[in-house]
Amino acid sequence: MAGGFKVLEEFQDDALTLPVRLPSGEVREFRIPSPSAEDGLRVQTLMEQTARMADSGAPMDTEVLNDGQEMDLYRKALGEAYDELIGAGLRWSRFRHVAMTAVMWITAGLDVAEKYWAADGDPQAAPNRAARRAASSAAASKTPSRGSTSGTSTRKATGRARKGAKT
Numbered sequence: 001m002a003g004g005f006k007v008l009e010e011f012q013d014d015a016l017t018l019p020v021r022l023p024s025g026e027v028r029e030f031r032i033p034s035p036s037a038e039d040g041l042r043v044q045t046l047m048e049q050t051a052r053m054a055d056s057g058a059p060m061d062t063e064v065l066n067d068g069q070e071m072d073l074y075r076k077a078l079g080e081a082y083d084e085l086i087g088a089g090l091r092w093s094r095f096r097h098v099a100m101t102a103v104m105w106i107t108a109g110l111d112v113a114e115k116y117w118a119a120d121g122d123p124q125a126a127p128n129r130a131a132r133r134a135a136s137s138a139a140a141s142k143t144p145s146r147g148s149t150s151g152t153s154t155r156k157a158t159g160r161a162r163k164g165a166k167t
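Taking our numbering, the leading residue of the sequence shown gets 1, the next gets one more, and so forth.
Accuracy of the hints is not assured; some may be wrong.
[Claimed, not checked] With beta-carbon atoms standing in for the labels, derived distance ranges: (1) Trp92 x Gly3: 41 to 49 Å; (2) Gly3 x Glu63: 42 to 50 Å; (3) Asp14 x Arg75: 12 to 20 Å.
None of these hints come from the bench; they were simulated from the model. Note that CB positions come from ideal geometry on N, CA and C, so glycine has one too.
Turn these sequences into a full structure, and let the hints steer you where they fit.
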């Protein structure tokens with residue numbers, strides 16, 4: 001392997017699997033594939049626009065997405081599972097919860113999606129925007145900036161030899 005990197009598919013699953021109780025009482029697992037890069041970017045952009053509106057103090061009854069945009073967001077987030085979920089006869093609240101969990105997975109990762117799922121979509125219990133941002137930028141914050149001097153040092157000459165230096 002080049003540079004010691006494992007093949008991505010060996011450690012990252014490109015799908016989210018959610019257990020859902022159907023109207024019949026049966027529990028069925030729905031596999032939601034990762035969207036294409038283009039669709040993932042669209043989902044990310046829509047969610048960022050929504051977050052900006054919320055941050056701007058827009059009234060709670062302000063429509064962020066119209067019905068068509070909302071369904072398009074869900075279709076992109078759910079991929080081929082969209083038709084399966086529609087065909088399963090789920091009520092709107094369950095369909096929406098599955099779809100929004102997929103959106104959380106796409107935009108902020110598996111941990112945030114799991115918390116959203118467990119919180120039953122309750123915005124008070126689900127991670128807030130700051131937590132989602134922190135989760136999505138966790139890897140970036142561990143990388144020193146390009147101009148970082150961590151791990152290097154420059155010492156002014158003091159006239160004394162450093163320990164272990166050859167004189």
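Fill in: Those earlier numbered hints the structure runs against, lowest number first
As far as the earlier hints go, not one is violated by this structure.
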